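Student: Sequence:
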Amino acid sequence: MTIVAAFLGLLAAALFAVASAAQQRAAADVPDEAARGLGLMRTLIRRPLWWVGTLGDGGGFVAQAAALGLGSLLLVQPLLVTTLLFALPLSARWAGRPLSRSDGGWALVLVVALAVFVVVGEPTAGADRASPERWFPAVVAIVVVLAGCLVGAALRRGTVRAVLLATCTALMYGATAALIKGVVSLLDDGVLAVLTAWETWALIVVVTVGTLLQQSAFQAGALGASLPIVTVGEPVVAVVLGIAVLDEQVQSSGAEWVLIAVIAVVMAVATAALARSSARATPATPARVPG
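First residue of the sequence shown: 449, per this note's numbering; consecutive thereafter.
Simulated from the structure, these hints should not be mistaken for lab results.
Nothing here was measured: the structure is a model prediction, and the numbers come from that model.
Ideal Cβ positions, reconstructed from N, Cα and C, are used throughout, including at glycine.
Do not rely on the hints blindly, as some may be mistaken.
[What the hints assert, rightly or not] Here are the computed distance ranges between Cβ atoms for each label pair: (1) F455 to G552: 37 to 47 Å; (2) A703 to V639: 41 to 51 Å; (3) S579 to R490: 37 to 47 Å; (4) A703 to L556: 36 to 46 Å.
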């Protein structure tokens with residue numbers, strides 16, 4: 449089961465890589481005045497490239513859900529940072545350049561760090577679902593951070609706005625992963641059980657909000673501002689929810705915790721470096737009309 453879950457997690461990462469690159473290219477040149485409210489989505493749905501990204505997101509979502517049905521958040525979500533390993537050669541090809549040595553080095557660091565985390569941490573599954581009462585403190589924390597970032601994004605433009613919106617996106621997508629695990633666990637109970645579960649409707653809301661926030665982050669600034677935040681932030685949020693809400697555990701003690709902490713920092717640094725490189729390799733799009 450663990451091997452299959454890992455494979456599906458990697459498949460999801462590959463599909464998300466295609467989706468992110470395509471959607472950013474589709475959204476980057478939307479004028480600010482056309483990006484207010486639902487105007488951004490009305491513009492994007494008329495662009496074929498955005499639909500390519502949407503199909504990639506859909507396929508990635510299905511693969512991620514299947515992976516979470518077989519494995520824990522602590523196993524599956526860190527694997528999704530390998531999205532960057534797939535995005536790098538794609539971006540390099542679009543830019544007409546070879547993959548740099550530094551990118552190859554950071555990619556190797558990330559792969560080794562992920563392997564060590566899985567072997568040393570031995571992440572184990574907890575509960576598939578949690579009660580609304582157990583979710584409540586986490587929801588409050590997410591809403592507070594979300595509100596603060598949205599207020600800041602409304603007052604700023606450019607890179608700062610993109611970073612704040614990307615932070616909101618990471619919160620939503622991290623919560624999405626935890627909710628997916630609950631919904632998938634109900635599939636064996638039938639369609640009625642899925643439709644009457646609160647997680648299903650919460651998932652629809654969170655995915656919708658997350659998608660809108662991601663498109664807004666892509667439109668607000670360069671991919672280098674938003675992609676590292678989303679790529680690092682989503683698994684961090686998911687792992688925290690897995691431990692705090694679903695009782696998932698890392699089977700380590702003593703010095704192993706120090707090693708895991710170091711690995712986590714290395715993974716974050718490598719992921720951020722690869723994300724920035726991927727963003728720099730994305731072909732330039734026409735300049736936006738000042739808002």
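Student: Hint by hint, say whether it matches the structure.
Tutor: Hints, one by one, checked against the model:
1. F455 to G552: 37 to 47 Å: Because 23 Å falls outside the window, the suggested range is violated.
2. A703 to V639: 41 to 51 Å: 49 Å, holds
3. S579 to R490: 37 to 47 Å: Between S579 and R490, where Cβ atoms are some 39 Å apart, the hint holds.
4. A703 to L556: 36 to 46 Å: 25 Å, violated
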